[in-house]
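Engineer: Chain order of the listed sequences is A and B. Note that the working numbering numbers the first sequence so that position 233 is 233, with each residue one more than the last. Count along the second sequence from 1, add 266, and you get the number used in the working numbering.
These aren't lab readings, by the way, just hints derived from the structure by calculation. Note that this is a predicted model, so its numbers are computed, not measured. We treat Cβ as the ideally placed atom computed from N, Cα and C, and that holds for glycine. It is possible that some hints are incorrect.
[What the hints assert, rightly or not] Ranges of calculated distance between the beta carbons of each label pair, as one might list FRET restraints: (1) B/Glu477 <-> A/Ala167: 27 to 37 Å; (2) B/Val274 <-> A/Asn182: 37 to 47 Å; (3) B/Tyr495 <-> A/Thr15: 19 to 29 Å; (4) A/Asp213 <-> B/Gly518: 23 to 33 Å; (5) B/Tyr288 <-> A/Gly87: 52 to 62 Å; (6) B/Phe442 <-> A/Asn182: 49 to 59 Å.
[Stated by the list, open to error] Over 10 Å on every C-beta distance to chain A, these chain B residues come out as not near it, computed from the model: (7) Phe488; (8) Arg554; (9) Ile601.
What follows is each chain in one-letter form.
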Amino acid sequence: MTLTIANLSAGYGRTNVLQDVTVSNIPPGAFVGLIGPNAAGKSTLFKTIAGLITPTKGAISIAGEDVTQLGRKDRAKRVAYMPQAYGCNALLSVFESVLLALKQTTGWRVNDDNLDRVSDTLHALGLSHLANRGVADLSGGQAQMVAVAQTIVRAPDVILLDEPTSALDLHHQLSILTSVRNEMDRKKPVVMAALHDLNLAAKFCDRLVLLRDGAILADGKPEHILALPQIEETYRVLTDLERTQRNVLYVDARLAHEGTVGALHH
Amino acid sequence: MTLNVDPVALRHAYVARVSRRYGVIAAVFGLLCLSFLLDITTGPGGYSLSTVAEVLFDPMSHGARLKVIVWDYRLPVAVTAVLVGALLAVAGAQMQTILNNPLAEPFTLGVSAAASFGASLAIVLGISVIPAVGPLLVTVNAFVFALCTCGFILLATRLKGVGSETMILFGIAIFFTFSALLALMQYMASEDQIARIVFWMMGSLSRASWEKIGLGTILLCFAIPFSLYRTWPMTALRMGEATAQSMGVDVGRLRVEMLICISLLAATAVSFVGTVGFVGLVGPHIARMLVGEDQRYFVPLSALVGALVLSLTSLISKTITPGIIYPIGIITSLIGVPIFISIILSSRQERLQ
Chain A
1 MTLTIANLSA
11 GYGRTNVLQD
21 VTVSNIPPGA
31 FVGLIGPNAA
41 GKSTLFKTIA
51 GLITPTKGAI
61 SIAGEDVTQL
71 GRKDRAKRVA
81 YMPQAYGCNA
91 LLSVFESVLL
101 ALKQTTGWRV
111 NDDNLDRVSD
121 TLHALGLSHL
131 ANRGVADLSG
141 GQAQMVAVAQ
151 TIVRAPDVIL
161 LDEPTSALDL
171 HHQLSILTSV
181 RNEMDRKKPV
191 VMAALHDLNL
201 AAKFCDRLVL
211 LRDGAILADG
221 KPEHILALPQ
231 IEETYRVLTD
241 LERTQRNVLY
251 VDARLAHEGT
261 VGALHH
Chain B
267 MTLNVDPVAL
277 RHAYVARVSR
287 RYGVIAAVFG
297 LLCLSFLLDI
307 TTGPGGYSLS
317 TVAEVLFDPM
327 SHGARLKVIV
337 WDYRLPVAVT
347 AVLVGALLAV
357 AGAQMQTILN
367 NPLAEPFTLG
377 VSAAASFGAS
387 LAIVLGISVI
397 PAVGPLLVTV
407 NAFVFALCTC
417 GFILLATRLK
427 GVGSETMILF
437 GIAIFFTFSA
447 LLALMQYMAS
457 EDQIARIVFW
467 MMGSLSRASW
477 EKIGLGTILL
487 CFAIPFSLYR
497 TWPMTALRMG
507 EATAQSMGVD
517 VGRLRVEMLI
527 CISLLAATAV
537 SFVGTVGFVG
547 LVGPHIARML
557 VGEDQRYFVP
567 LSALVGALVL
577 SLTSLISKTI
587 TPGIIYPIGI
597 ITSLIGVPIF
607 ISIILSSRQE
617 RLQ
């Protein structure tokens, strides 16, 4: 279902972080990359869409329905947010941890359908062999995959992934994003992921949104966005956009001479 | 990559694990029944199990004396041990979950120390925090102080920047404060009063009564279903606050609700038996090792293990030296401290079975 964010402003207490953010008409099955430097407001935007922060202004609609008025549980049914990775020392198995994510928005009793959904999700993400492992005993990459499973199992309309690839090796970075893409082909949710790696963003995303200081600088296809001068300004680097032999976009970024970087701001 | 087990096998593995858990719960329940029976047959009188059983089903079958011993003394004590063990263990289990701290329980957070001070205030100065309670003065005072301490803990968790480690330090501060005030009470007390305070501080089942049992049962009948009702958000909280929140759990509200529930349980338990430390630690700890932290199994099993521990303690307190009943608080502390230390030392060494 189509996600539209219109004129959204939000923050913590009196500090306003997001200013008039509009991202319209994200169609089902679209993978949107949210890029921008640290403290650009990416997490705040996700938390606001997920309903953890109440916006001061603006609307978030899924399939034309304004979801800002929904209660926590109903909101969680429509939008699944994966926060940045935290350690956890619970004595729960991977299967149980995915089941509990599903049970937050379904009835109290565990039924056969619940167990099927958990089993299928673990299978689809290639986590079956970890099902009986304790969540506290997972490697960083495995824990991140389980966190993805916890969001996907709920079959939401919108999936928000906050830096899903941070602290992962190359294999796990690719396997997480590939799994997400496969899932999108199956169930057609809208996926938004905050990504630091512009090359990963270029490779996996259908659309990029560049955020800086809580405002949107650019929104469009990766090949357009990554070629913009704002990318160089925002990240304070010099870039060349190329295509690899397999026709994948590649951002070649380098630090400019210090004076040049400073000059970009003026 | 490792082989990917098919989904049907995954389901079966989970269902098998769940039935194993019911097995564990049934086994602990069996042990509890056994311990309970042994508890009511053990005592200075030395009556056989069959005699006691006959008195249980037909109070007057062996005369009025035996009826009084079984019905008015042994049975209330044995039932109180089971009940208070369960109350303390459920309170401990929930505290550990909401404070994300495996060391939290009524004793380590200073709730027991507050109750002891409340009791001593009534014993020594005759001061009642709630007027006109009559003979219940000591119990009511203990309850009110315990409840206020839980309220303080609740407020402290609402403060910004108070993490789970800070909570335990708060507990220690509360413990020290009330210990000092208790020492002051002892200093001011007469010999007779000191004897009563010491009795309180060491924990004792001898003040058991059917009225207290009734009240405790009502509370437990409210607390366990409520905990089960909140089982999924509570389990989610074990994944971390941020994760639970992202799954749609209102963590702040859940904390307040659970802390109110826990406060009632803990305050009731300590006001019944005095300071009985570490049952709220040992019960959940053993339950966690047996069934993990899915609260649907963890909370009921914690209650059963806590009940079993205190029931066994009651039994031990009578059998060490025939004719003498030792204070149960001493025994639970001797059992509990090694487990307390082992929890501190083990940085999650335990694995799921």
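Engineer: If a hint holds in the structure, say so; if it doesn't, say that too.
Structural biologist: Quick rundown of the hints versus the structure:
no.: 1; hint: B/Glu477 <-> A/Ala167: 27 to 37 Å; result: violated (58 Å)
no.: 2; hint: B/Val274 <-> A/Asn182: 37 to 47 Å; result: violated (21 Å)
no.: 3; hint: B/Tyr495 <-> A/Thr15: 19 to 29 Å; result: violated (37 Å)
no.: 4; hint: A/Asp213 <-> B/Gly518: 23 to 33 Å; result: holds (30 Å)
no.: 5; hint: B/Tyr288 <-> A/Gly87: 52 to 62 Å; result: violated (31 Å)
no.: 6; hint: B/Phe442 <-> A/Asn182: 49 to 59 Å; result: holds (57 Å)
no.: 7; hint: Phe488; result: holds (18 Å)
no.: 8; hint: Arg554; result: violated (6 Å)
no.: 9; hint: Ile601; result: holds (22 Å)
Of the numbered hints given earlier, the model fails hints 1, 2, 3, 5, 8; all others are met.
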